[in-house]
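Chains as they are written, first to last, in the numbering used here: chain A, 1 to 472; chain B, 1 to 313.
Keep in mind the hints are simulated off the structure, nothing from the lab.
Note that this is a predicted model, so its numbers are computed, not measured.
Beta carbons: idealized from backbone N, C-alpha and C, even for Gly.
Misleading hints may appear alongside valid ones.
[As the list claims (entries may be wrong)] Not everything, but these chain B residues come out facing chain A in the computed CB check (under 10 Å): (1) Lys66; (2) Arg91; (3) Thr99; (4) His103; (5) Phe159; (6) Asp195; (7) Val197; (8) Trp199; (9) Gly209; (10) Arg213; (11) Met214; (12) Thr215; (13) Asp251; (14) Lys255.
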Amino acid sequence: MTQIFDEMTTEDGSLRDPYAEIGRWFGNEDVSRLRAKQREAEEVFRLTGITFNVYGKAEAEERLIPFDIVPRVISHREWQKLSRGIEQRVRAINAFLHDIYNRREIVKAGRLPEEMISQNEAFLPQMLGVTPPGHVYTHIVGIDLVRTGPDDFFVLEDNARTPSGVSYMLENRETMLKMFPELFTATRVQPVSDYPRNLRRSLAACAPAMTTDEPTVAVLTPGIYNSAYYEHAFLADQMGAELVEGHDLRVVDGRVAMRTTRGYKPIDVLYRRVDDEYLDPLNFNPNSALGVPGIMDVYRAGGITIANAPGTGIADDKAIYSYMPDIVEFYTGEKAILQNVPTWRCSDPESLKYVLDNLAELVVKEVHGSGGYGMLIGPTSSKRELATFRKKLQANPGNYIAQPTLALSTVPIFTNKGLAPRHVDLRPFVLVSPEGINITPGGLTRVALKKGSLVVNSSQGGGTKDTWVLED
Amino acid sequence: MLGKTAGGLFWMARYLERAENTTRLLETGQRIALTRSHASNDEWASIMQTAGVAAGFADKHGEVTKDATIDWMLRDIDNPSSVRAVMKQARDNARLVRTALTHEVWAAINAGWMRIDEALGRKVNERDLPAVLDMIRQSTALARGATHGTMLRNDIYDFLRLGTFIERADNTGRILDVKYYVLLPTSFSVGSSLDNVQWDTILRSVGAGGGYRMTHGQRTGPSEIAQFMILDQRMPRSLRFCCSKIASNLDFLEKDYGEEKPSGSLARTLHGRFKGLTIAEVFDHGLHEYIEDFLRDLGALSSRIEIDYRFYE
């Protein structure tokens, strides 16, 4: 593997500019005080109930996502470039979604094969000919970025369905402000706390045309045993919106309405944290108890805004991902600012051959997988694991894509032995409305706590850090 | 407010109140066992009957012993009314209605549940019992204090208060239902040592020994105790006091929502019956029948609240 880029320290051991203050602070700190602070932070998270549930464990055990106290710092200049690239990409994604559910110009132009759409599991025929208010499909996006060098950022995934993690971005900052106020006096960091207000405003701006009063916004959660329930409750609370479950809702007089203590009240904008498949038992999975029977019919008739729109999953599908540079260029007329990771689609026989021949050097992912489940990291896998995966790959090649193993950048974490570098990624959060695109400076930094590990997912032993974007 | 949220608030408050009441019953039982040499296991059986957990106990354990009773009521999750089980219920409901609670209330309940669940996760030694019971009551008191000090006085608060006072009235009623016979003026010569124990038990199980003495001095008799537990307007666990709170919280809701409901009228009737009622009349009617009628009406009122405010589909 190539040289790993550390975001704090150069090869000769000096601090990079954005970390000058952090380095000074850490040098002057007493390690035992920091250790106590680290424990204190975890206690705050525990008492506040900032937990996620682990599936497959007895009675959905609640766990903390480990929090590391060393912030990850991004300079103003770096962020400007990143946010331009993110904005460009998100515009392209929304134009792409509108196109494939309507005229399909991109197919006609020969830039994307028809079967990539029609044979894609995430494609929803029910969305054909539907145009959501303001042409917004992805009201909330979380773009996963990784860094490999001073100027090398890659998009790893475009989470265009129901990206999670924003509550950790907000709570991590609150925790740092409480524990280390002196750091924020010495360094000017761009605030993130406007996110819930911006989210509400952004959702309200996408209300159906028929809405006349202040729009009623609700958050739809699968319930208290869902892994991200804490976040659903947090966002509803911070936005002043109702937190509803499927059984609180029903279709009344052509509107989706929630059962209140005073009768049924119509909802204008539903920020749903339930997957497409479970949204409507009449139109999708008939066994779903999480959704609302008939909501798709109300949606198609313009009676409610669903955020994100159903069917956006096709834009973050890992097979479509490989076409993203083309997609960005097709809809914006510009070269993509953010790089894509080279991707082999295993459905293609030649690519499959290459992947099988080089399995030990590659990362292989399921096309529709998420959360770090079901993937193979060639360089860290045993011979036996490689052999098992090879069989799965040959049995169903269309289900996989492969990418080179990237040398993810590292940022130090605080350990018992002082600072130690660990691999990180970054998920900035993007809001889309007719009023424009809003990107919260920073985002969620996930960090692989195990030395050498490249897997940052919380379900696989990852932690999080506060992420700073410096003021100019 | 969502109907589900109203239901969650109501039940959260009921479970918190139940955890506290069960704890107080256990304290009472433990005290009698320690201070009265002739105390038998009958007292523990009667405590379980009061808490409505005797049948489940019989299925699992059979013979009533002190240790088994304490374990069953405190920490056995097979008993849906054990303190550990109801604290989990209270916390799950709090999580369900998280957006309706202040941070302080949520944190008090969440932290309380964590402390209690940890303490009750293993067997509680007799040596540690007083401290554990104290800790439980402090946890529920903290949740109540946070509610009182930080919550808006709106419909959210009304549903919490309704849950609290319905559970509390039910608890006081059940204590009287199980112990009514010791308050009948006939059976024993007044002031026998057995009576004193029983009367003491009743007052302690509602945490009202001190309040009683303030009101009635050293004069202890069945009629005074029944009067205190049923009709006293200042005693925060008397049936009358609870009913007055239930009625006024339903009044607030009706005014707030601008709509009268059957539950409001049921509550006003229930509360109205206390007006001018004397304890002699209660005894004339028959104490046991009176309590049974009361518990039935209270149950009907609780069900009516669930319907009127659309807790469920």
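Results of checking the hints against the structure:
1. For Lys66 (chain B), the shortest C-beta to C-beta distance to chain A is roughly 31 Å, which exceeds 10 Å, and the interface hint is violated.
2. Satisfaction of the interface hint for Arg91 (chain B) is found here, the shortest Cβ-Cβ separation to chain A being roughly 9 Å, below the 10 Å cut-off.
3. For Thr99 (chain B), the interface hint holds, the least distance from its beta-carbon to any beta-carbon of chain A being 4 Å, beneath 10 Å.
4. Checking His103 (chain B) against chain A: minimum C-beta separation of about 8 Å stays under 10 Å; hint holds.
5. For Phe159 (chain B), the shortest C-beta to C-beta distance to chain A is roughly 8 Å, which falls under 10 Å, so the interface hint holds.
6. Interface hint status for Asp195 (chain B): violated, as the beta-carbon distance to the closest one in chain A is roughly 47 Å, over 10 Å.
7. Restraint check, Val197 (chain B) versus chain A: the minimum CB separation of about 42 Å is more than 10 Å; hint violated.
8. Restraint check, Trp199 (chain B) versus chain A: the minimum CB separation of about 42 Å is more than 10 Å; hint violated.
9. Interface hint status for Gly209 (chain B): violated, as the beta-carbon distance to the closest one in chain A is roughly 34 Å, over 10 Å.
10. Hint status for Arg213 (chain B) relative to chain A: violated, with the closest Cβ pair at about 39 Å, above 10 Å.
11. A least Cβ separation of about 38 Å between Met214 (chain B) and chain A goes past the 10 Å threshold, and the interface hint is therefore violated.
12. At a threshold of 10 Å, the smallest CB-CB gap from Thr215 (chain B) to chain A is about 38 Å, leaving the interface hint violated.
13. Interface hint status for Asp251 (chain B): violated, as the beta-carbon distance to the closest one in chain A is roughly 15 Å, over 10 Å.
14. Evaluation of the Lys255 (chain B) hint against chain A yields a violated restraint, the C-beta minimum of about 13 Å exceeding 10 Å.
Figure legend: structure checked against the earlier numbered hints; hints not met, in rising order: 1, 6, 7, 8, 9, 10, 11, 12, 13, 14.
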